[in-house]
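Residue numbers (the numbering used here), protein chains in the order written: chain X, 1 to 382; chain S, 1 to 382.
Bear in mind the hints are in silico, worked out from the structure with no lab data behind them.
Hints should not be assumed to be uniformly reliable.
Because identical chains cannot be distinguished in the list, a pair is counted as satisfied if it fits within a single copy or across any two copies.
Claimed, not checked - In silico DMTMM-like links for lysine to aspartate or glutamate, alpha-carbon gap of 25 angstroms or less:
1) K7 x E329
2) K330 x E198
3) K238 x D257
4) K301 x D360
5) K185 x E364
6) K50 x E110
7) K89 x E266
8) K330 x D303
9) K159 x D121
10) K319 x D37
11) K230 x E364
12) K97 x D235
13) K259 x E227
14) K87 x D53
15) K113 x D235
16) K160 x E186
17) K7 x E378
18) K50 x D22
19) K352 x E198
20) K301 x D171
21) K159 x D56
22) K301 x D22
23) K326 x E198
24) K238 x D62
25) K89 x E329
These are the residues of each chain, in order.
There are 2 protein chains.
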Amino acid sequence: MLVQFPKIGILGGGQLGKMLIDQANKWSVPLSVMDFDSNAVCKNHCTDFKVGDLMDYKTVIDFGSKLSIVTIEIEKVNVDALKFLEKNKVKVYPQSKVLEIVQNKVKQKEFYKNNGIATSDFQSFKTKSDLIRSIIQNETKLPFIWKASRFGYDGYGVKKINKISELEPLDNGECLAEEYIDIVKELSVIICRNHSGETSCFPVVEMIFNPKSNQVEYILCPPRISEKIKSEATDLAKKVSESFQHIGLLAVELFLDRKQRLLVNEVAPRPHNSGHWSIEGAYSSQYQQLLRALLNLPLGKPDIISPSVMVNLVGSKKKSGPVIYKNLEKIFQINGAFLHLYGKPISRPNRKMGHITLLDKDLENAYQNAQYLKQTIEISSK
Amino acid sequence: MLVQFPKIGILGGGQLGKMLIDQANKWSVPLSVMDFDSNAVCKNHCTDFKVGDLMDYKTVIDFGSKLSIVTIEIEKVNVDALKFLEKNKVKVYPQSKVLEIVQNKVKQKEFYKNNGIATSDFQSFKTKSDLIRSIIQNETKLPFIWKASRFGYDGYGVKKINKISELEPLDNGECLAEEYIDIVKELSVIICRNHSGETSCFPVVEMIFNPKSNQVEYILCPPRISEKIKSEATDLAKKVSESFQHIGLLAVELFLDRKQRLLVNEVAPRPHNSGHWSIEGAYSSQYQQLLRALLNLPLGKPDIISPSVMVNLVGSKKKSGPVIYKNLEKIFQINGAFLHLYGKPISRPNRKMGHITLLDKDLENAYQNAQYLKQTIEISSK
Numbered sequence: 001m002l003v004q005f006p007k008i009g010i011l012g013g014g015q016l017g018k019m020l021i022d023q024a025n026k027w028s029v030p031l032s033v034m035d036f037d038s039n040a041v042c043k044n045h046c047t048d049f050k051v052g053d054l055m056d057y058k059t060v061i062d063f064g065s066k067l068s069i070v071t072i073e074i075e076k077v078n079v080d081a082l083k084f085l086e087k088n089k090v091k092v093y094p095q096s097k098v099l100e101i102v103q104n105k106v107k108q109k110e111f112y113k114n115n116g117i118a119t120s121d122f123q124s125f126k127t128k129s130d131l132i133r134s135i136i137q138n139e140t141k142l143p144f145i146w147k148a149s150r151f152g153y154d155g156y157g158v159k160k161i162n163k164i165s166e167l168e169p170l171d172n173g174e175c176l177a178e179e180y181i182d183i184v185k186e187l188s189v190i191i192c193r194n195h196s197g198e199t200s201c202f203p204v205v206e207m208i209f210n211p212k213s214n215q216v217e218y219i220l221c222p223p224r225i226s227e228k229i230k231s232e233a234t235d236l237a238k239k240v241s242e243s244f245q246h247i248g249l250l251a252v253e254l255f256l257d258r259k260q261r262l263l264v265n266e267v268a269p270r271p272h273n274s275g276h277w278s279i280e281g282a283y284s285s286q287y288q289q290l291l292r293a294l295l296n297l298p299l300g301k302p303d304i305i306s307p308s309v310m311v312n313l314v315g316s317k318k319k320s321g322p323v324i325y326k327n328l329e330k331i332f333q334i335n336g337a338f339l340h341l342y343g344k345p346i347s348r349p350n351r352k353m354g355h356i357t358l359l360d361k362d363l364e365n366a367y368q369n370a371q372y373l374k375q376t377i378e379i380s381s382k
Numbered sequence: 001m002l003v004q005f006p007k008i009g010i011l012g013g014g015q016l017g018k019m020l021i022d023q024a025n026k027w028s029v030p031l032s033v034m035d036f037d038s039n040a041v042c043k044n045h046c047t048d049f050k051v052g053d054l055m056d057y058k059t060v061i062d063f064g065s066k067l068s069i070v071t072i073e074i075e076k077v078n079v080d081a082l083k084f085l086e087k088n089k090v091k092v093y094p095q096s097k098v099l100e101i102v103q104n105k106v107k108q109k110e111f112y113k114n115n116g117i118a119t120s121d122f123q124s125f126k127t128k129s130d131l132i133r134s135i136i137q138n139e140t141k142l143p144f145i146w147k148a149s150r151f152g153y154d155g156y157g158v159k160k161i162n163k164i165s166e167l168e169p170l171d172n173g174e175c176l177a178e179e180y181i182d183i184v185k186e187l188s189v190i191i192c193r194n195h196s197g198e199t200s201c202f203p204v205v206e207m208i209f210n211p212k213s214n215q216v217e218y219i220l221c222p223p224r225i226s227e228k229i230k231s232e233a234t235d236l237a238k239k240v241s242e243s244f245q246h247i248g249l250l251a252v253e254l255f256l257d258r259k260q261r262l263l264v265n266e267v268a269p270r271p272h273n274s275g276h277w278s279i280e281g282a283y284s285s286q287y288q289q290l291l292r293a294l295l296n297l298p299l300g301k302p303d304i305i306s307p308s309v310m311v312n313l314v315g316s317k318k319k320s321g322p323v324i325y326k327n328l329e330k331i332f333q334i335n336g337a338f339l340h341l342y343g344k345p346i347s348r349p350n351r352k353m354g355h356i357t358l359l360d361k362d363l364e365n366a367y368q369n370a371q372y373l374k375q376t377i378e379i380s381s382k
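Chain X on its own, in the form it takes in the complex (with noise of 0.2 angstroms):
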């Protein structure tokens, strides 16, 4: 018997913390969210805001300890802290062993590696100079993809390396090299796992990247793929998340190659930018899922309501500065269009700034409408 909701807070305070208080604000669940930004997105949306260091032993733990269930929007926090706080009785979703796995991307591929799931080949280097040597000695085959171990994001942390000398701007620290993928198409499949075992899976999305930037800047629902390929890409996710085990959201990332085999790229174990479709999109968004998992209550129906497409709005290339939106209203015109604005203040280049999910019966349709706004609406500074 639900009598009243647990305190639940969020480490990290920006747009998927604030849509997962919108979720939480509906069932009138508190949060309180730490962030190291005093001007983060979810400030004037939560119950409880607090500036502190997400990487700091004894600030996490502060904040946790008053807490009776912690949940993540960002990967950069310290796994040390959560550990002291599962051992003190703190619910901590998703656990410290799967983040400890999720945020050093070595570690991650020899877990795919180890648990017989398919991934892109790969070697691991400990240092930059390790690597160069291993391209020299012809062990490491050009061109390549390479990625820092820990803290890349939003296509930070990652490139193409086609020569040695491509690698001079890069990080020294650990990284991988793997294997260059003839991607077809990139897919997402977002999976929900509460704390009784049970199991929810978002259908499959296709990811379409902005080649300049490598972020993602659309999201289909459905994919343009077969139903073949659809039933493999929900059953390799649903591997994945049954060898993590973990608790709250995962979201699988999947390169299909022109063999037209699927490979796990990487997981996200909170929500995710693919599936921001579901807020509108889906009977049960991946918040509410979320929120559903936290509180150990049974899984909603994450069905889609409608086909949907998602575009990111993201800062333009322009100017750095204090946001102006322009041509926003165009958004209005259109029927089944739904913005988000997360809030802002600082436009910069490539940042997120906001999102549009577009519902139609028709995807193409929605797609196209989609791509107009992307190139009609400028989120920009004076």
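Position chain S against the provided structure of chain X, taking the given hints into account.
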């Protein structure tokens, strides 16, 4: 060109305000709220919360003067203060002239009469003694519906009178005696109108009342009425909207009587309980439409995404005190059931504490689930 959102204030901080804030938060539109209750529902959700008496002239002016746009979520506000704000270039939607008519049920009835809008016959009286005299002189026929002229709501200030003695406990002030209507169904049509005069009309819904409390208990969309009645109801509501020339929402409550006559009961120039279903059930909810109207943006598509049933969750008759929710988890086992809890700390008999919207292709199925949840969930106190 919309470069940034203006500052909007809401007079009233209850659940209607909260749901407007939920929508505003998606666009990061800052909202200020004022309510007399320091624990009002909106308190933790808005950008800026003030405690103040909405009926106090100076308090309302002080609040509104700092804003570009002022709206209401409750009708009991100081209209003279709104007039002052209008003269001082603050946009007040609904306009003071609309609110002035709506606040007084005698004026409202006369407005319908003067504008040729079908409504039940009525007589108005300055005092209860005048009414009693009229009954004795056989100028007012029993039975009739007694209504206090000002500030009745949710079944308060309204009573069916079968004999004179039933008037005894009632207020002595100005009142109406309305013709008793043999009601077959109660319907509602919500219309949104923006500053440019553009209007958008939500589908007609059926309102089912609790026979004891006289509060609306269920909303069914679509309603179980003929296409002809639907079309007539929509036309009648449009005529009412046109007559008021309101900006923002206008919920038009209608009676359908045994002779298949449609009569306007009353209106509310704000978000309305009969439109809660639209948050999940329509492409653009009543809250989104209102926000668009406030910002003078093109109105959205109010079409139905799915048949919907809304059920109100009210405080149990047994007890008042700090709220306890029982069997809430039953909601989470029903697919397409969307919970809204308003976060009121104190439960009181018949107090609106939350609602559930059920989306289902089969309306009857949704209605049965709504009835099951209504019977199963208990909101009470220790």
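Hints versus structure:
1. K7 x E329: between (38 angstroms within a copy, 17 angstroms between copies)
2. K330 x E198: For K330 and E198, only the inter-copy Cα distance (16 angstroms) is at most 25 angstroms; the intra-copy one is 42 angstroms.
3. K238 x D257: within (20 angstroms within a copy, 56 angstroms between copies)
4. K301 x D360: Result: close both inside a copy and across copies, 20 angstroms intra and 12 angstroms inter.
5. K185 x E364: within (17 angstroms within a copy, 42 angstroms between copies)
6. K50 x E110: Answer is neither: 36 angstroms inside a copy and 55 angstroms across each miss the 25 angstroms cutoff.
7. K89 x E266: The answer is neither: 30 angstroms in one copy and 55 angstroms across copies each exceed 25 angstroms.
8. K330 x D303: Between copies only: 20 angstroms across chains, 29 angstroms inside a chain, cut-off 25 angstroms.
9. K159 x D121: within (16 angstroms within a copy, 77 angstroms between copies)
10. K319 x D37: within (21 angstroms within a copy, 44 angstroms between copies)
11. K230 x E364: within (19 angstroms within a copy, 34 angstroms between copies)
12. K97 x D235: within (23 angstroms within a copy, 62 angstroms between copies)
13. K259 x E227: The answer is within: 17 angstroms in one copy meets 25 angstroms, while 55 angstroms across copies does not.
14. K87 x D53: within (21 angstroms within a copy, 49 angstroms between copies)
15. K113 x D235: within (17 angstroms within a copy, 66 angstroms between copies)
16. K160 x E186: Intra 16 angstroms, inter 65 angstroms, cutoff 25 angstroms: intra-copy only.
17. K7 x E378: between (39 angstroms within a copy, 22 angstroms between copies)
18. K50 x D22: both (18 angstroms within a copy, 22 angstroms between copies)
19. K352 x E198: For K352 and E198, neither the intra-copy (32 angstroms) nor the inter-copy (33 angstroms) Cα distance is at most 25 angstroms.
20. K301 x D171: Neither: 43 angstroms inside a chain and 50 angstroms across chains, both beyond 25 angstroms.
21. K159 x D56: neither (29 angstroms within a copy, 63 angstroms between copies)
22. K301 x D22: Both: 19 angstroms inside a copy, 22 angstroms across copies.
23. K326 x E198: between (44 angstroms within a copy, 23 angstroms between copies)
24. K238 x D62: Result: close neither inside a copy nor across copies, 35 angstroms intra and 57 angstroms inter.
25. K89 x E329: Close across copies (23 angstroms), not inside one copy (49 angstroms); limit 25 angstroms.
This entry does not satisfy hints 6, 7, 19, 20, 21 and 24, going by the numbered hints stated previously.
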